[in-house]
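**Student:** All chains, please: the whole structure from these sequences, using the hints.
Listed below are the residues making up each chain.
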Amino acid sequence: MTARRLPLGGEIERARPLRFTFDGKVIEGFVGDTLASALLASGRQVLGRSFKYRRPRGLFGAGVEEPNICADVTEGAAFRPNQRVTTEPARDGLVLRSASTAPDAERDRTGFIDLFARFIPSGFYYKTFMFPDWHLFEPRIRAMAGLGRVDPAKTGPVGDQVNHFCDALVIGAGPVGLAAARMLAGAGKSVVLADDGSRPGGSLLYREAEIDGMPGADWLAETLAQLAGLGVTILPRTTAFGLYDHGLVALNQRHEDGRADTLWRVRPERIVLAAGAIERPLPFSMNDLPGIMSAQAGLSYLRRQAVLPGANIVVAANNSTGAGVARAMAEAGARVTLVDRRPDTAPLSGIACHAGRSIDRALGRKAVQGVVLDDGTEITCDCLLVSGGFTPTIHLYAQAKGRLAWDETRLAFLPGDPVPGLTVIGGAAGQFTLGEAFATLPAALGLEGAPTAAPSSYAITPAWPEPGRKGRIWIDYQHDVTAKDVELAARENFTSVEHLKRYTTLGMATDQGKTSNLNGLALMGALTGREIPEVGTTTYRPPFTPVPYTSLAGLRGGERMNPLRRLALEGRHRALGAAMGEYGGWLRPVHYGEDDAAILAEAKMARATVGLFDASPLGKIEVIGPDAADFLDFIYYNTVSTLKPGGCRYGFILAESGVVYDDGVLVRLDEHRFVVSCSSSHVAGVHAMLEEWRQDRFPARRIFIHNATAGTATITVTGPEARAAIRAAGIAADLDDAAFPHMTTRPGRHGDTPLRLTRVSFTGDRSYELSIRQDLAPGLWDALDGAARALGGGPIGIEAVMILRAEKGYIVIGKDSDGMTRPMDLGLAGPLRSKKAEFIGKRSLLQEEAQRPDRNQLVGLQPADGGGLLPVGAHGLDLSGAAPRSIGYVTSSYPGAGHDGPVALALIERGASRHGEVIELHHLGSRRRARITAPCAFDPKGDRLNG
Amino acid sequence: MQIFSCPFCGPRPEYEFHFGGDLGNHRPEGFDAVPDQKWADYLYFRNNPKGMAREVWMHLTCGEMFSMTRDTVTMEAAPGEALAEGQP
Chain A
1 MTARRLPLGG EIERARPLRF TFDGKVIEGF VGDTLASALL ASGRQVLGRS FKYRRPRGLF
61 GAGVEEPNIC ADVTEGAAFR PNQRVTTEPA RDGLVLRSAS TAPDAERDRT GFIDLFARFI
121 PSGFYYKTFM FPDWHLFEPR IRAMAGLGRV DPAKTGPVGD QVNHFCDALV IGAGPVGLAA
181 ARMLAGAGKS VVLADDGSRP GGSLLYREAE IDGMPGADWL AETLAQLAGL GVTILPRTTA
241 FGLYDHGLVA LNQRHEDGRA DTLWRVRPER IVLAAGAIER PLPFSMNDLP GIMSAQAGLS
301 YLRRQAVLPG ANIVVAANNS TGAGVARAMA EAGARVTLVD RRPDTAPLSG IACHAGRSID
361 RALGRKAVQG VVLDDGTEIT CDCLLVSGGF TPTIHLYAQA KGRLAWDETR LAFLPGDPVP
421 GLTVIGGAAG QFTLGEAFAT LPAALGLEGA PTAAPSSYAI TPAWPEPGRK GRIWIDYQHD
481 VTAKDVELAA RENFTSVEHL KRYTTLGMAT DQGKTSNLNG LALMGALTGR EIPEVGTTTY
541 RPPFTPVPYT SLAGLRGGER MNPLRRLALE GRHRALGAAM GEYGGWLRPV HYGEDDAAIL
601 AEAKMARATV GLFDASPLGK IEVIGPDAAD FLDFIYYNTV STLKPGGCRY GFILAESGVV
661 YDDGVLVRLD EHRFVVSCSS SHVAGVHAML EEWRQDRFPA RRIFIHNATA GTATITVTGP
721 EARAAIRAAG IAADLDDAAF PHMTTRPGRH GDTPLRLTRV SFTGDRSYEL SIRQDLAPGL
781 WDALDGAARA LGGGPIGIEA VMILRAEKGY IVIGKDSDGM TRPMDLGLAG PLRSKKAEFI
841 GKRSLLQEEA QRPDRNQLVG LQPADGGGLL PVGAHGLDLS GAAPRSIGYV TSSYPGAGHD
901 GPVALALIER GASRHGEVIE LHHLGSRRRA RITAPCAFDP KGDRLNG
Chain B
1 MQIFSCPFCG PRPEYEFHFG GDLGNHRPEG FDAVPDQKWA DYLYFRNNPK GMAREVWMHL
61 TCGEMFSMTR DTVTMEAAPG EALAEGQP
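Protein chains in written order, with this note's numbering: chain A, 1 to 947; chain B, 1 to 88.
Hints listed in this document are in silico derivations from the structure and should not be mistaken for laboratory results.
The reader is advised that the hints may include incorrect statements.
[Stated by the list, open to error] Have a look at the derived ranges for each label pair, beta carbon to beta carbon: (1) B:ASP32 / A:GLY873: 35 to 43 Å; (2) A:LYS644 / B:GLY30: 57 to 65 Å; (3) A:PRO132 / B:PRO35: 50 to 58 Å.
[Unchecked claim] List of simulated lysine-lysine pairs, DSS-like, C-alpha gap at most 25 Å: (4) A:LYS815 / A:LYS604; (5) A:LYS154 / A:LYS25; (6) B:LYS38 / B:LYS50; (7) A:LYS401 / A:LYS25; (8) B:LYS38 / A:LYS836; (9) A:LYS644 / A:LYS835; (10) A:LYS484 / A:LYS366; (11) A:LYS484 / A:LYS470; (12) A:LYS366 / A:LYS644; (13) B:LYS50 / A:LYS401; (14) A:LYS842 / B:LYS38; (15) B:LYS38 / A:LYS835.
[Stated by the list, open to error] Partial chain B-side listing against chain A, Cβ under 7 Å, derived: (16) MET1; (17) GLN2; (18) ILE3; (19) PHE31; (20) ASP32; (21) VAL34; (22) TRP39; (23) GLY63; (24) VAL73; (25) MET75.
Think of the CB as a built atom: it goes at the ideal place given N, C-alpha and C, for glycine as much as any other residue.
**Tutor:** What follows is the structure, given as structure tokens:
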């Protein structure tokens with residue numbers, strides 16, 4: 001193809017040249033070029049390779065329908081894989097690499113595959129690589145499959161997202177969409193007008209028209225000025241790709257300057273679909289050669305970017321639009337031959353015309369060099385422009401569950417029954433002439449003021465692929481589906497369109513069969529003796545065009561995906577050199593020393609003297625009011641209403657299924673005020689659960705629930721020197737054990753600041769939790785840190801606390817319990833027998849499953865083979881049967897700090913009655929032996945709580 | 001994305017809401033007097049209607065529960081209605 005740039009014309013800015021590279025070669029263009037038009041003007045013919053047979057391919061389309069040419073685009077640090085070159089504006093400095101080629105489009109070394117094409121029809125891979133095992137072949141096949149390459153080192157830029165409401169969303173800014181937008185805005189409606197082209201105008205940008213007595217370009221300029229005056233929001237480069245629940249239209253907006261795409265979520269009262277129609281290819285042998293292009297695309301390149309696609313052009317059509325394209329090409333200086341399948345085509349002056357003829361085959365290897373007509377006439381050419389009719393773009397109508405109706409005169413599926421809130425107009429409604437489209441606007445919109453255009457006619461004669469034709473006739477360019485593949489699918493009884501699609505991959509590529517689907521289903525109809533409407537279409541699913549993940553994700557990426565919760569004392573921890581890690585959504589100190597070795601040292605220090613621990617994420621949900629005690633009796637598995645003011649009680653909260661949902665300490669501050677101290681990772685869930693039961697079951701105004709977790713910091717002081725450290729820190733409180741025993745809470749002060757001291761222990765040592773307003777916590781921390789260091793102690797991270805609690809047999813819900821664990825399995829059977837009041841999950845504890853004697857129960861494990869730490873997740877084995885059987889698994893495993901040697905917790909079948917027994921453990925192919933013990937490995941009598 | 005209407009806050013995006021189950025799925029009372037089947041019905045068996053569904057939802061941002069009628073075929077959702085106190 002000898003395409004060339006014309007010296008004059010087009011919308012390109014010739015004073016603003018630009019350069020980019022394609023497969024390493026420099027391509028020159030102008031502002032106003034798309035990547036495609038600049039590549040075309042460069043005279044390069046082979047711009048890509050086909051998906052399966054690796055055949056050379058050139059441009060077919062000029063817009064979103066382009067099936068052939070995609071490229072990976074690098075621009076500075078930004079990388080966008082697999083971009084259609086027809087929709088991307090050319091920019092200075094871009095680096096393009098043709099997708100799916102090795103090493104590049106021109107010299108692809110896998111091109112030999114096409115020689116074997118007849119041995120690899122549809123289904124070849126399924127049928128051939130079954131034996132001995134698909135996985136042997138998969139890596140090499142996968143390496144060749146796919147489009148584009150993702151570079152994991154480069155992420156796309158972050159896209160904006162916009163939510164918008166309006167009266168009307170007009171999709172498509174061609175002449176009909178522009179007219180509709182003007183009529184709606186003129187009637188006082190707020191209107192958004194979106195178009196996937198680089199500028200509004202649609203076909204007016206490249207087709208001749210006369211509207212309201214003006215040339216099309218003048219009418220366009222006038223209308224755009226009017227729309228601006230009426231406040232219409234115009235979104236160019238914006239594709240409405242999907243219609244979702246509750247009238248949400250999702251649009252993806254590309255930007256001229258290479259910024260990340262913007263996702264628009266628009267909720268219009270009314271959708272006006274004026275998306276036009278897409279030209280179909282013609283079926284003839286070798287119809288995929290470079291240089292064979294959609295006639296309307298050729299016209300668009302000529303008029304918009306002044307690129308004449310060939311010197312010697314054949315225009316082949318089965319409809320009345322071919323003549324206009326032929327005339328335009330001839331006027332631009334090409335030698336033109338028109339091949340029109342309609343026998344009654346009027347001759348055109350200066351253009352050789354073959355009426356009633358069609359193309360039998362194209363000639364050439366890497367580019368089209370000529371055609372042979374069905375009467376044997378051979379015509380030399382370097383460019384073949386084809387028009388096989390138009391397929392209306394009615395995806396949003398179909399997504400709205402509109403039913404399509406086949407139109408035999410236009411040879412297209414058109415919108416059938418009306419869908420409320422959605423109006424289809426123009427080419428999308430099969431009105432392929434302006435006169436017809438404008439005339440129907442007033443009725444369609446219920447408004448006056450439609451423009452007028454001289455009546456013209458559109459005529460088309462069928463040119464569907466015919467069964468049994470010789471040669472290779474491409475139906476789907478992007479996925480390399482030929483007429484023979486469709487015939488094979490029919491022979492093997494994949495005759496439903498959905499089966500046809502999946503068996504041959506027809507219409508499954510990134511272009512979603514915009515140019516191919518109708519030819520494919522027409523051929524299937526012919527093969528199976530059905531009419532096209534009987535065959536029907538596949539389901540229209542969003543997105544209409546590929547949408548980058550960066551657009552869908554917007555700001556919800558990286559750290560913002562699930563924002564970390566930050567401690568009030570984070571600055572203090574960092575100053576102390578803490579390694580920080582995420583635990584239950586909070587960023588917490590893991591340990592303070594250099595490396596993991598610090599963990600055990602911190603745990604031992606806390607056992608020896610005193611450890612300081614930031615326990616701020618611990619839940620602090622206040623339950624206040626005269627009915628609070630009754631309410632919490634219902635919430636907790638344990639009885640809590642008997643708790644005295646100033647007292648604390650450890651308890652479980654169950655789900656209604658009887659499974660343990662959370663554990664923690666309930667504090668009763670006074671008669672009508674409690675603090676639910678749930679696990680840090682369960683605060684939101686417990687809070688919602690409390691609210692749900694309060695509103696559902698209790699006099700809601702007699703109970704008030706307040707989540708004070710984020711507003712309150714808690715510092716835990718634990719160890720034999722805990723009391724001394726608190727005293728030394730200058731905290732005013734009566735710390736005498738008689739006045740302030742274990743499992744009680746007392747008020748205190750640090751300077752002028754009130755705080756709450758609670759004696760509970762998650763370490764087994766004497767412990768105090770000091771809760772204070774979060775913004776005042778740093779002063780308290782500094783005082784305690786100084787005091788602890790003077791006593792030989794200091795801060796400890798969460799991993800040290802895990803060691804301390806594990807050797808005491810204290811559990812973490814969700815780690816040492818699972819979705820089956822009932823409270824009895826954790827050694828707490830009392831309340832089910834003794835508690836009179838109703839509580840959540842109570843009835844479930846009577847179920848057969850809950851009462852099974854062989855339940856997994858919490859135990860401790862000690863290595864019985866002289867080995868070290870038992871692996872978490874290792875399964876206990878029952879070896880008595882023919883095959884080993886799992887009898888539970890290790891849930892926690894740590895080196896002991898107070899205990900000499902490793903400790904582990906596990907859920908083991910009937911574990912509570914098996915203390916002392918030695919069992920086999922299996923983990924990733926290796927075996928260990930362990931002795932079952934009580935969960936508590938250290939200080940079983942609990943003397944250290946007051947030590 | 002759907003838009004639901006909280007009776008207290010008005011129309012809000014669906015991700016602010018949490019599903020609370022079928023309206024009228026009453027909790028059987030009486031502990032061991034409740035037959036297994038009845039308790040299982042309450043715990044596990046959902047109406048799952050094709051068409052109009054009466055459901056309880058919580059608007060997480062204000063914390064209030066309310067009832068909502070929703071068409072599971074068209075996804076249309078009527079504005080939420082406040083639950084009267086004591087109404088299960």
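**Student:** Any hints from earlier that this structure breaks? Give me their numbers in increasing order, please.
**Tutor:** 2, 7, 12, 24
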